[in-house]
Amino acid sequence: MAAEVIGVGTGLIAIGASLAVGLTAIATGMAEQAIGTAAIGAMAEKEELFGKGLILTVIPESIVIFGLVVAILIIGMAG
Amino acid sequence: MIKPKDMLKVSVFGPKTYMKSVIDTLYGLNVVHIEDHTKKAEDDVFDIGEPFEENERYAEILVKIRSMISNLGIKNDQAKENKTSFDIISKKANTLYSDSAALLREKEYYTQIATIYEKKEVEKALSQLNLYEEEGVDYSDFLYYIGFINADNETLRDQMDRMTKKFVLTSSSYRGITVTALFVEAKKKEKVDKLFENHNFSPIDTPVIKASFETKAKPAYRFIKLDREHDNAKTSLMKVKNRIEEFKKEHSEFLADSELRLRMESEKSESPLRFASTKNSFYIRGWVPKVNSKKLEESLNKITGGKVHIDLKKPDKKDNVPIAFDHPKIVEPFEAFMDLYTLPSYKEIDPTFFMFLTFPIFFGFMLGDVGYGLVVLGLFLALKKTMPGAKNFINAFIIASLVSIIFGMVFGEYFGYEEVSPGLGKMLGIHPEELVHGEETEIIYPIPHIFSRSHGIQELLSMSILFGIVHLFIGYIIGFINVWKAHGIKHAILEKVGWMIMFPGVIYLLTDFLGVVTGYIAVMLSVLVPPMPIMIGLAVLGLILIVIGEGARGVVELPALISNILSYARLMAVGLASLSLALVINDLAGQMFKSGVIGVISGILILILGHTINIALGILSPFLHSLRLHYVEFFTKFFHGGGRKYKSFGWR
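Chains as they are written, first to last, in the working numbering: chain A, 1 to 79; chain B, 1001 to 1652.
In isolation and in its complexed conformation, chain A is listed as follows:
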């Protein structure tokens, strides 16, 4: 198998893409941590809040999705 040579530029692009996904995933995690705790607390008081709590908890998931979109855009730059 012929060794494929990957240029430094392509490598940097890959690192950029991974940072975009990874950092946003951490941000999402931090945001969901706080919301999730509060949602569980609210649910302990009033069980009907399960639905709303669940929805509120997944709201920050947008952040990582934006990260993913950016990553795809960056990879698109590599061609």
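Be aware that one or more of the hints could be misleading.
Pairs of lysine to aspartate or glutamate, EDC-like flavour, derived with a Cα cap of 20 Å [to be verified]:
#1 Lys1003(B) - Asp1311(B)
#2 Lys1009(B) - Glu1335(B)
#3 Lys1107(B) - Glu1197(B)
#4 Lys1645(B) - Glu47(A)
#5 Lys52(A) - Asp1311(B)
#6 Lys1645(B) - Glu48(A)
#7 Lys1647(B) - Glu45(A)
#8 Lys52(A) - Asp1319(B)
#9 Lys46(A) - Asp1339(B)
#10 Lys1391(B) - Glu48(A)
Since the hints were derived computationally from the structure, they do not count as laboratory data.
A quick note: this is a predicted structure, and the numbers were derived from the prediction, not measured.
Take the given structure of chain A and dock chain B to it, following the hints.
Just chain B now, with coordinates in the frame of chain A:
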């Protein structure tokens, strides 16, 4: 379909003599949502009504019937109203209540005896008895009965007293049942036998006691063979259980039907508590769907001969009208998602129908696998039988999983497999494709599909964004109609049209400028983008409208339009995540299969475990994300909510 049912405000005013027949009619029609009367001030002319006197009698019998239903484990979900007169029901219920209580007591008694023998506690039970030999008494023509009995000491003593004076009775309680020893003159044998039989007397190991007793005039505390007594107790227990079963079979229908009837009666007789009333009159306020109002008026006039005043009015703006959904059967499951969030208010468009259109599409687009779709479908079909309470939710999932199967066929995904092995491929006559990696060429047999998710990520992203643009635009159109109806056309244009004419600019940003949307979808969308000067003009005009309509808050929210649209990228992201996980599981298992028997076994385990986890995630995340796209992105464009549910007075 996109509006809640039209409601009319109804007031019924009349003399108290007609209250009962009015209540019966309202309950039978089951169309009026009653507003509870609250006494606002001390000098309010109207007081809260009082329940009918019969209520107490209903409640008493109802409690008895319910205790039988729960003690006997009767299912009452198929109950039909028992229409016989209350007196007959109450008489029968009382008899059944004492019968069933006796049966249950007998069952408890034999259960305890069986336990005592099982745990070898007979000696302990007997030692509770204070048996001693009285000096100077001639025991020779005395009979004795030692054992368990299903009656308390007082009753026994009473009944013995009436029979004879010559007896000695000692009793004690062990594990809640009575242990007794009776010495009685021999000539009363027959009578005592009968009495004891009635009380389910269960003797303890008589031969042993006898042997010992006759020589020493004391019961022996050593028992050699207790098995026979144990068996007797067990058979008696079985017999009682059978009798209880028969009792249950015979009377369960009566009990269930009567419970329903009495529940209805008691609801009716308690209902005056919800009305306003004076000494001689009553006043009911409530809501009735417009379609049912005519019938309501006719029935009430007929039953009272026109002696009550009925007033039907259209609701005015300030009224908090209860919401009754008006949907065809297939849309009904999605009402559950409105209950979960908040019901629409009376004047606005009810979004349930739009959820019915888009929720399954989003769910299916994310799950998008024939195999997973079938598993989810099977799972929810099975759940439907076991959980009738969550019927709406489950039906919504069934529709969503059917759409997933269709998307699975479009994407050509079957448990994550997108291609088959060459052998199977040739057998099925699948057209092979050549895949070029650098200098190597691989021949694969892809399962027929319209679009492959794993090979067209950019395209998938473009599609997701397209969904977002269309969905949000629909949201603004609904918002426009809502505002128009509530506040007039001027407000509607200022608040919603401003956002709508921003769309060409947003599309330009997403396609040419950012390059998120590419390929043929970008070409398609570019038709909507006018030449640059017009586009900028529209955007500026839109901005002006938004500033006038919503003020500074609107400007702050401008970027949210783009982020809301980009948020639909989750349709791609969640789907790809599930697909990638499935691919990893399949690859891992595929490699295992190449290495011997243990490999095959662990490969199968990996497949089962992996796909189970992935399906669990595949139900949860598409569900949550699809719901979120509706609640957060779609609803914020038009929905206010805050409605309260219409609950009619009546049965079901």
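These are the hints, each one checked on the structure:
1. Lys1003(B) - Asp1311(B): Not OK: Lys1003(B) and Asp1311(B) at ~24 Å, beyond 20 Å, violated.
2. Lys1009(B) - Glu1335(B): Between Lys1009(B) and Glu1335(B) the Cα gap is close to 24 Å, so the pair fails against 20 Å, i.e. violated.
3. Lys1107(B) - Glu1197(B): Given pair Lys1107(B), Glu1197(B) holds - Cα atoms ~15 Å apart, limit 20 Å.
4. Lys1645(B) - Glu47(A): Holds, because 19 Å separates the two Cα atoms, which is no more than 20 Å.
5. Lys52(A) - Asp1311(B): violated, 40 Å
6. Lys1645(B) - Glu48(A): Roughly 15 Å between the alpha carbons, so the hint for Lys1645(B) and Glu48(A) holds.
7. Lys1647(B) - Glu45(A): Given that 20 Å is the threshold and the Cα spacing comes to 26 Å, the pair is violated.
8. Lys52(A) - Asp1319(B): violated, 27 Å
9. Lys46(A) - Asp1339(B): Holds: Lys46(A) and Asp1339(B) sit about 16 Å apart, inside 20 Å.
10. Lys1391(B) - Glu48(A): Holds - the C-alpha atoms of Glu48(A) and Lys1391(B) are around 17 Å apart, at most 20 Å.
Going down the numbered hints, you'll see the structure goes against 1, 2, 5, 7 and 8, while the others check out.
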